[in-house]
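One letter stands for each residue in the lines below.
Protein chains: 2
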Amino acid sequence: MQNFDYMTPTRLIFGKGSIEKLPEVMRPLGRRVLLAYGGGSIKKIGLYDSVRQLLSGFEIVELPGIQPNPKYDPSVLEGVRLCKAHEVDVILAVGGGSVLDCSKAIAAGAKYEGDPWDLITYKVKAQAALPIVDVITLAATGSEYDCGGVISRTETNDKIGYMDPLLFPVCSILDPEYTFSVSARQTAAGCADAMNHTIEQYFAADTTLLNDGFCESMLKSLMVNTRKCLDNPEDYTARAEMMLCCTYGCNGILSLGNSQSGWPCHGIEHALSAYYDITHGEGLAIITPRWMRHILSERTMDRFVKYGVNVFGIDPALPKEQIAIRAIDATYAFFESIGIPMHLREVGIDESRIDEMARHIAQNEGLDKAYAPLSEADIRQILIDSL
Amino acid sequence: MQNFDYMTPTRLIFGKGSIEKLPEVMRPLGRRVLLAYGGGSIKKIGLYDSVRQLLSGFEIVELPGIQPNPKYDPSVLEGVRLCKAHEVDVILAVGGGSVLDCSKAIAAGAKYEGDPWDLITYKVKAQAALPIVDVITLAATGSEYDCGGVISRTETNDKIGYMDPLLFPVCSILDPEYTFSVSARQTAAGCADAMNHTIEQYFAADTTLLNDGFCESMLKSLMVNTRKCLDNPEDYTARAEMMLCCTYGCNGILSLGNSQSGWPCHGIEHALSAYYDITHGEGLAIITPRWMRHILSERTMDRFVKYGVNVFGIDPALPKEQIAIRAIDATYAFFESIGIPMHLREVGIDESRIDEMARHIAQNEGLDKAYAPLSEADIRQILIDSL
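Protein chains in written order, with my numbering: chain A, 3 to 389; chain B, 3 to 389.
Chain A extracted, bound-state conformation (with noise of 0.2 Å):
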């Protein structure tokens, strides 16, 4: 096992009627909020107004408009300006992983002179930031219970991932109730999601037969919740499973000891939604099974094996192989079961851009130190082989 050195400070408030507790929590943190939301979603589901009446003793800036794959510019440059200019507390997102993604980096660059570009690319170490609480809508990155987020700059296709133990959430508040009106589409997506965290950590040296145990409850709790929330949107008890389970994607939780994966499936992604900005979770399903096929080997047979018996209950008297393909196979039977679109071309992506991509990814994501190294060739090729 590997030595470590792991915090995950977050107050998670959780259930239905959560958002009666925000004042309480806001309260500590300061008078003047800059509000950061999304699209017109909360407004939809009448959050919006929930939270202007509960803060309604609160100085609030907003900042809407925050997109998917948030960006750098406008939404990052435009949320720091409004921090300084109006000397703001404590920030509010109100959304899913991208407004919470981009709140941090606003988080960071508010208490930062230069140029908050110098943070996310780690050429300065930020000194501080402004606290954030959160209200999530969307069961997915697990934004929520890290300190990391993903930016996009779209000028240079770059899609950053940077992480800093000073953006933790203080308090993220999570009433499964508000995910009712998520999209089949976005929820099966928020599963592929959540799923490819777990498939990221999982493969990986060293780990633990309880680290093991924890990816594979996560999995399956996924699976079968996902396919309740398809099924009927207002199950509660299925939505707040998949919420909890998206939790605990990203904070270290599934793999304390663990040797590093590499994040290989996300490190191949980011570069298909940095140039085509589709949705992170399709991309990563689209990867995943192809990513399992291309790094399939005598070395990481056993892995295969595992994850084959243990999750999907294939028979563990059949050849080694054999479990490994099937597990495979049924990984991408899944997602294509919820309704995700299994090949670049059905979201919009063809080959003419894959030299370049394939490029950009080995040069820029430590693939090659991965728990199955890859070179700039096996990039090009798995993604070929996700056309």
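No copy is singled out in the list; a pair is fine if it fits within one copy or between any two copies.
Pairs of lysine to aspartate or glutamate, EDC-like flavour, derived with a Cα cap of 16 Å:
hint : residue 1 : residue 2
1    : K18       : D7
2    : K127      : E115
3    : K23       : D7
4    : K73       : D279
FYI, nobody ran anything at the bench for these hints, they're computed from the structure. This structure is a prediction, so every number in the text was calculated from the model and none was measured.
The hints should help you fit chain B onto chain A, whose structure is shown.
This is chain B only, laid out in the frame that chain A set:
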């Protein structure tokens, strides 16, 4: 799923050599340190010397001699006196769960003008507490990752669990090598303690697939790794995984959203060790299978079936009741196989005070509200069955 409000802000520094980070962890917390520890074991393994050397720039006041089932008088009272007299800034607990539990009571008591018993019994809510850092030498209680402790008061046979979010350790330093010298008997008792923590949370209503999977992984990992530790006390990987498992025992992460289970075995065991000062983990191991037999019914059957199939690999095609009984027998057999004395008589408890203990438990532990409610007669029967 039930609503919950959860956090565990403690930083975990895990792995061999972690002690080197102690000065960096302590420095921001202050210069005057109460160093709390138990018997001589931390001197025998060289940890005491390491700590004194690493903290050579600090002012250290010592509180040695904290016993298992830590005592209000003298340990808590003496610790509070020392903290006040020396204006201590931070408590450093070095040892097992008892040292840490005692330190938590001291941390709260040091910031309170009245009798610290008021806090432990919740007569008064603590308003502040000294910060706590710990270095753990025994994989068992999980106190290093929760905000609770258990304190015994000899003259009244009270053994009281108390919790306060103020009492989360700031940082827990976990080096599995410090557990190499733990005796076989204490290793087994630590395993039983952590297994019971898991079982107490598993047998509940409203559980999720996710929590069930987490608990089942904990139990399987604890059994496999404890055997390895007993076979080879210096098996780093096994000691490490056991240590990590124990960490999750009591901070709630195994049962977020579950209905309250009531922790019945703990309720019963607290009386056993308050009246007879036995080893907590051994008391739990003795009680657990008898409690299981006692609560097995049509209503609880499915829980036992899931437990038997998923934890012990019992054939799911068997009749339900047979699976349940085999699972209970397997629980007993496992504890026995790791050398735990499985009868109360073997740890010095006879029938003479059973009526008195049953009454004490029924009056103080609220087990009539447990997952499977227990009356005084039920408790008495479980104790008799455990003789």
